[in-house]
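Student: Letter by letter, the chains look like this.
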Amino acid sequence: METRRRNAWLLRRAGFGGSASELDLPTNELFERLVDPDRQGVPAAIDPWDDALLAAAGGINGSQPTPEARRHAADGWLAHMIATPRPLEERLTWIWHDHFATSIDKVKSPVLMVSHLRTIQRHAMGSFPALVKAMTIDPAMLIWLDGRTSTAASPNENYGRELLELFTVGLGAHTERDVQAAARALTGWRLQPPANEAVLQRRLHDDAPQVLLGRIGVHDVDTVVDAVCSAPGCAPFVTRSLAGHLLGPAAAADEGFIARLAADFRRGGLEIRPLVRALLAAGLERRDTAVVEAPVPWLVRAQRMTSAQLGVTVRMAGLTACGQVPLRPPDVGGWPVHTTWLSSSSVVARASLAATVAAAAPPDGAARDAARRGDFDGLAAALGRADGFGTATLAALRSLPEEVGRLALALTAPDQVVI
Amino acid sequence: MALTRRQFLSLTGGAGALMATGAWAGLLGEQVADGSGSATTTPPPRPPRTLVVVQLGGGNDGLNTVVPEDGRYRDARPSLGIPEAELLRPAGLTGASLHPALAPLVAPWTAGSLAIVQSLGYAHAGRSHFECSQHWWDGAHPGQPTTTGWIGRWLDSTAPAEGSHPLRAVALGAGSPALRAERTVATVVLDPRAFAIRAPRGVDAKALADAFVATAAPLSPDALLAASQRSVASAMAAVDTLKTPLAEVGAGDGKLTGLLGLAADLVTRRLGIEVITLGASGFDTHSAQADEHAELLADLAGGLARFSEKVAAAGMADQTLVMTTSEFGRRVAQNGSLGTDHGLGGCQLLLGPAVRGGLVGTLDLSRLHDGDLAATIDPRSLFAAGLDWLGGPTTDVLHDHEDLGLLR
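One line per chain: the protein sequences are A and B, in this order.
Heads up: the first sequence at position 82 corresponds to 82 in this note's numbering, and the numbers run straight through without jumps.
Heads up: the second sequence at position 150 corresponds to 150 in this note's numbering, and the numbers run straight through without jumps.
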């Protein structure tokens, strides 16, 4: 039972849920497959996007993208989260998308947003400084936080501020002068048509040496990234952020725990994979990791567990009602966390989406089958739960006469949302 | 992000429905027990006053909202300044003029029911959206951080002994952290057109809704799971009460206009709503702001006018007061992207028959604070007008504040 419980936790947090058979694997084997798929011979993930569909879309330089391309950019990614053999890598991509929250509402171009996500995917489990550098001169980011219009004559502070406050060191670890220094050193980047590549235009760049977080001589992207990533606040800040996403708020607030992991993260040159490994290993032992699952990972898990296929429009509408759509974070701070997802709207919208998923689940699948037979322990296992449903949920399930309603309820019941 | 467990559990208001206490919890419990799932929300007998708080998310450019008659404004904004010829100069407004998109506000200004408060902000705060928003939301005494919001504390301090019903505070369009409370639940309606359980064909939606309500009892000993169970009970009760007014919502002309129209509808239905929060983002105009800002202001002004018309038509204008909030003003000088970066002092509006109209607070372009307008009035003094009007207790909730004479 203990193995099943640990595996269930790991599958939920390090992936998007697993099958009933995975609950009984040796935990170590499961752990390694998730954390280090290359070494375990897990097949590579297949790129989910249709470039031709995206490229036909416009959305660059002010033109409105077609709704199809815009939906595909987000929905293709969701399909990938559901199908990927490497769910932890995609989970990290999702987490970094939240961390470097960038929205298609301003970027407009589905092509640039997908390129932004592919860049995150490439670095998701790699080097954090490389990820920060890639984000700093990423075309979507240059649009999102106005880097592309920031010049030596008139620097725009938007990116410099968020780089420090939200991406690397956090509030309290930098000053307004640091914001201005970062902004100056990052001036001069432009997007060059037709492909909108990021290029540095020397005459618009302020190359004067700046002092950033105590580092002198900072004047360009490399020195900015180096200064922020070597600052003492960076490793704890990033560790806290990943701990919050993977283990929940209690672990993120455990300063001793964060300090220990951050010290190793820093010593290891800010490599992400070892940090994720350490966090998940710690999470298997902690008893305070419960969170209210956000709508996107919840839906991906629900679809993985039930094998339900949803159409693009239905899926996007469902997530919009829940308040969380990939590529459309509410602002650069990313999505709200945890109990926010207990708001009245989110509760109601999730229940509706659960009913949609249940109706789309194949009737011969394990979940629908168990629901039809009234085998609620079997239903719990099919949904990746190690230890059945709680008393209240069980009684409510028994009150329902048919399988779709039962499956819908099982997907949206409080004990499937607080996990 | 580094929330303590306590903060985590007290994230109620903006966050949603965590704590239902007293009779309301009992009521929810009974619903669960008899399995009917139909809420019998009994609003209080008196039609209460309703404070509507409109958040202009991102930091509204106050200087291009209410434009000072000062050459330094033109110098700092050579291409972003509103052309002289387009500015509105309603009678009684001296030393400043209004952005042309605010035309719908000329009537309330002339009627004396619109106050414009300038140079509002937190002088000690940085220029971060998140830090400044936090100060605006919590309305706390500097140096005394709190996990509750200023509206949430007021809701708690005025909660009936038997507990608050979920519709005392309603957030439209998004939750507001100003509603965070220890004991009071706010109802969040993200999309008014999707606030009901929809079941696919072949599924009995009523049975599903009833079973969903039934998952709320018995409460788990685990605090977070119990919070999730309570959120189901109160969300389903709110769905039941709001289904009729929400059924009539149209597409809306603009984000704020649509939400303010809905807010007016909810007020006129006398559901016992005491606070409504709503808002729009997009005010973080770092680049090419002129057209965008004009649209945002038109949406705001049009929405305020629609709100006023609707409540007046129902004879309920006297029971409403509308206040805008925004985390900061923007820098005096335009930036290189034809936009403006984060600044300090900003201006906010207070609208309603109870308001003593006028321009409040001075704005001095000769004394900038690191390139920004000074923040000389603590936003809590604006909040205080709202809470005074609701009947207080204002000082318990906000501690220090100034009486700006905003109410008649």
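It should be emphasised that the hints constitute simulated quantities derived from the structure, not laboratory data.
Treat the hints with care, since some could be wrong.
Stated by the list, open to error - Pairs of lysine to any residue residues, derived as SDA-like cross-links and limited to a Cα-Cα distance of at most 20 Å, are as follows:
id, chain 1, residue 1, chain 2, residue 2
1, A, 106, B, 288
2, A, 106, B, 338
3, A, 106, B, 317
4, B, 206, A, 399
5, B, 255, A, 395
6, B, 255, A, 317
7, B, 243, B, 291
8, B, 243, B, 200
9, B, 206, A, 331
10, A, 133, A, 223
11, A, 106, B, 336
12, A, 106, B, 221
13, A, 106, B, 291
14, B, 206, A, 401
15, A, 106, B, 209
16, B, 255, A, 328
17, B, 310, B, 113
18, B, 206, A, 402
19, B, 206, A, 190
20, B, 206, A, 398
21, A, 106, B, 294
22, A, 106, B, 71
23, A, 106, B, 200
24, B, 255, A, 398
25, A, 106, A, 68
Stated by the list, open to error - Under 8 Å between C-beta atoms, here's a sample of chain A residues computed to sit facing chain B:
id, residue
26, 42
27, 76
28, 80
29, 156
30, 329
31, 388
32, 390
These figures come from a predicted structure and were not determined experimentally.
Ideal Cβ positions, reconstructed from N, Cα and C, are used throughout, including at glycine.
Student: Among all the numbered hints in the text so far, which are the ones the structure does not match?
Tutor: When the structure is compared with the hints, numbers 3, 5, 7, 9, 12, 15, 19, 22, 23, 24, 26, 27, 28, 30, 31 turn out to be violated.
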